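All chains, please: the whole structure from these sequences, using the hints.
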Amino acid sequence: MPYTFRFDVVAANLGFLLSGIRATLLVTVAALAAGLVVGLVVALGRMSHRGWFYGPATAYVEVFRNTPALVQLIWFYYCLPILTGINLSGPVSATLALAVNGAAYIAEIIRGGIQGVDRGQVEAARTLGMSYAQTMRKIVLPQAFRRMIPPFVNESVSLLKFSSLVSVLGVADLTYQAQVLSTTTFRPIEIFSFIALVYFVLCTAMSYAARLLELRLAASD
Amino acid sequence: MGRAPSAMVRVEKLSKSFGGLEVLRDIDLEVKTGEVVVLIGASGSGKTTLLRCLNGLEVPSRGRIWVDGEPMGMFGDDGTFRPLAERALNAHRAQIGMVFQRFNLFAHMTALDNVSLAPIMVKRMPRREAEALAAGMLAKVGLSDKLGAYPSKLSGGQQQRVAIARALAMSPKLILFDEPTSSLDPELVDEVLETMQQLAEDGMTMIVVTHEMQFAREAGDRILFLHEGRILEEGTPETIFTRPREDRTRAFLSRVLRHHERSAP
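Residue numbers (this note's numbering), protein chains in the order written: chain A, 1 to 221; chain B, 1 to 265.
Be aware that one or more of the hints could be misleading.
[Stated by the list, open to error] Derived CB-CB ranges, DEER-like: (1) A/8 x B/148: 54 to 64 Å; (2) B/185 x A/215: 56 to 66 Å; (3) A/133 x B/221: 31 to 41 Å; (4) B/239 x A/218: 45 to 55 Å; (5) A/147 x B/85: 45 to 55 Å; (6) A/54 x B/198: 28 to 38 Å; (7) A/151 x B/82: 36 to 46 Å; (8) B/85 x A/207: 25 to 35 Å; (9) A/84 x B/85: 38 to 48 Å.
Just so you know, these hints were derived from the structure itself, not from any lab.
Just so it is clear, the structure is predicted and the values come from calculations on it, not from any experiment.
Glycine included, each C-beta is placed from N, C-alpha and C at the ideal position.
Given below as structure tokens:
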């Protein structure tokens, strides 16, 4: 039976879908920002020689990398309030869960970037009399930062895609809005094809912007 | 303990172990101001470790080290060595240059920035002044035309000369060279050795770990032969190369010289 596509359903409900895009972007950006902060602390722990810092940081990375994001999301929404008595709204607990999940990966990206900087350059800086802090600021971090860009973009793209999971907590993101719309219009094919395209465009744009940044930084060497 | 020896470098009973492995055993050494001392010996004999102990890149297990009369650690009465606090160590390191086998230039900086960074950061020199100084040092090593070049665009020999200029910009009292030509293509070795030779003639105090026997012979005031963590023999190049006392020295030299003849074009 031939299927008649009715993409005007998408056009007619564009405002509704746009609000979903806004929520998706908001959740992603907030989770990335929080994930960066937490990830930085965890990365410092992963590079620490002190057991009380290294141990928990390593456990953190292992736990969040080796459990499904969806399970973490649901756990934060349903289990955390019962255990702690703190009640968080759907969007907040969803963002938090994405952030702590992203932080585990971001921590490893930061650690890899820093530890990937040639030890010899650090020694050279130290033998010139530069302090540990000066060496980090002038030698290690600028080089580490460049190395971190590509994996960090990968992580951002994957977080953007994972953000579709927040729809199960009732957060009105793009996927959630699409579900609502498809049950009211009976046009899931058009709607889900459209949002797939939206995700694709967003992720591609992100990778492309990162490539431009990388090229500009690489122009110096 | 408080006596200040007149030598530029003074080392007493220096020992260093990594785990259970004793790499240096009871090293005594004195280097006078302006002297060029060359350390030779097979790989694993402890030459590099000795060099790295002098500026705190390695922490000795036991013993004492002074550079220009200043203690480079805190010496226990029982011979133990404890490192200086970071600030004190940095102040010493600023006066001791080091040139590495693998150059270790800052990859994200131009030659000029490589050389001017430490004067700016450590000596708090104004940028303009530091850059003028850096340009002068790069001219001294024959790289006036490479100020804006990144390390990846320079040959190994040029990179090593930038590294030497970087050390010189701090006006060090002493420069340590850790196999400065070992990772260079043979045709690039000479330009680095000539730069070092020039420094030696200028009166710089240098301690050089190298397998370049020709350089040791021509620029060295004194040769130390290390074997299994000890200074087995020392003397003038003349003595060491023509009539070494120890069989092991003789065996080492004939091995190295034979290798060089083979690899010569």
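Hints, verified against the model:
1. Separated by about 59 Å at the C-beta atoms, residue 8 of chain A and residue 148 of chain B satisfy the suggested range of 54 to 64 Å.
2. Between residue 185 of chain B and residue 215 of chain A the C-beta distance comes to about 31 Å, which lies outside the given range of 56 to 66 Å.
3. Separated by about 39 Å at the C-beta atoms, residue 133 of chain A and residue 221 of chain B satisfy the suggested range of 31 to 41 Å.
4. In this structure the hint that residue 239 of chain B and residue 218 of chain A lie 45 to 55 Å apart at CB holds, the actual value being about 54 Å.
5. Judged by the Cβ atoms, the range 45 to 55 Å given for residue 147 of chain A and residue 85 of chain B is violated: they are separated by roughly 32 Å.
6. For the pair residue 54 of chain A and residue 198 of chain B, the beta carbons lie near 48 Å from each other, so the given range of 28 to 38 Å is not met.
7. The hinted window of 36 to 46 Å between residue 151 of chain A and residue 82 of chain B holds, with their beta carbons roughly 40 Å apart.
8. Against the hinted window of 25 to 35 Å, the Cβ-Cβ separation of residue 85 of chain B and residue 207 of chain A comes to about 47 Å, which falls outside the hint.
9. Between residue 84 of chain A and residue 85 of chain B the C-beta distance comes to about 44 Å, which sits within the given range of 38 to 48 Å.
The structure fails hints 2, 5, 6 and 8 (numbered hints given earlier, in ascending order).
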